[in-house]
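Student: Residues per chain are reported as follows:
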Amino acid sequence: ILNVEQSPQSLHVQEGDSTNFTCSFPSSNFYALHWYRWETAKSPEALFVMTLNGDEKKKGRISATLNTKEGYSYLYIKGSQPEDSATYLCALGSASKIIFGSGTRLSIRP
Amino acid sequence: DTAVSQTPKYLVTQMGNDKSIKCEQNLGHDTMYWYKQDSKKFLKIMFSYNNKELIINETVPNRFSPKSPDKAHLNLHINSLELGDSAVYFCASSPPGLAGRTDTQYFGPGTRLTVL
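In order, the protein sequence lines correspond to chains S and B.
Heads up: the first sequence begins at 1 in this note's numbering, then just goes up one per residue.
Heads up: the second sequence begins at 1 in this note's numbering, then just goes up one per residue.
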């Protein structure tokens with residue numbers, strides 16, 4: 001059974017601080033790792049998709065890395081702002097399906 | 001312009017009723033999906049359609065049936081609604097390619113279904 005784990009489940013960060021969280025997945029049958037940002041009362045929006053071991057992607061203050069051999073991806077947020085408050089989902093695209101983790105809920109304290 | 005739209009946004013109905021949720025995408029994508037957000041806030045895939053053909057059908061009750069009249073629409077019909085069907089249902093689409101693998105998902109706004 002393919003399982004995508006995200007940690008921590010929730011995170012409270014002071015505005016201006018940097019933070020990171022983890023997505024773990026089984027490294028077999030890997031095709032792609034997606035990160036989505038999901039604000040309350042909205043729908044998930046794509047941040048990154050990574051397919052190769054060692055991939056790094058960046059979008060403004062947010063970046064992500066991928067290690068397919070050990071089965072993890074990190075999402076980093078530099079200089080957190082209140083608008084970064086959201087749930088961050090990772091999803092594993094495997095041979096037969098796409099599986100979402102339960103998300104990391106990030107709250108930024110002003 | 002709305003990329004992926006769902007109607008209705010809210011649906012409140014009695015147990016035992018039959019209802020439908022509609023989804024339309026104007027992105028020209030080949031693949032569309034239905035997800036259920038369960039009580040623990042997990043997003044779980046229910047169905048995936050590629051060019052009007054079913055390609056993923058997760059273990060969902062056969063009371064749920066997807067209908068794709070054309071590649072821009074994927075509707076979800078639910079028969080004999082049960083209390084446990086209460087959830088938020090999200091439609092999504094993805095660009096041409098291998099569905100569920102490398103393709104970014106574009107989500108609709110969700111439909112909150114409440115079964116009384």
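Derived from the structure by calculation, the hints contain no laboratory data.
Just to be clear, a hint being listed does not mean it is correct.
What the hints assert, rightly or not - As a list, the in silico SDA-like pairs of lysine to any residue whose alpha-carbon atoms are at most 20 Å apart:
#1 B/K40 <-> S/R105
#2 B/K41 <-> S/S10
#3 B/K44 <-> S/A41
#4 B/K41 <-> S/G16
#5 B/K9 <-> B/R112
#6 B/K41 <-> S/S102
Student: Evaluate each hint against the coordinates.
Tutor: Here is how each hint holds up against the structure:
1. B/K40 <-> S/R105: Holds: B/K40 and S/R105 sit about 13 Å apart, inside 20 Å.
2. B/K41 <-> S/S10: Judged against 20 Å, a Cα distance of about 13 Å means the pair holds.
3. B/K44 <-> S/A41: Holds, at roughly 18 Å.
4. B/K41 <-> S/G16: violated, 28 Å
5. B/K9 <-> B/R112: holds, 6 Å
6. B/K41 <-> S/S102: holds, 7 Å
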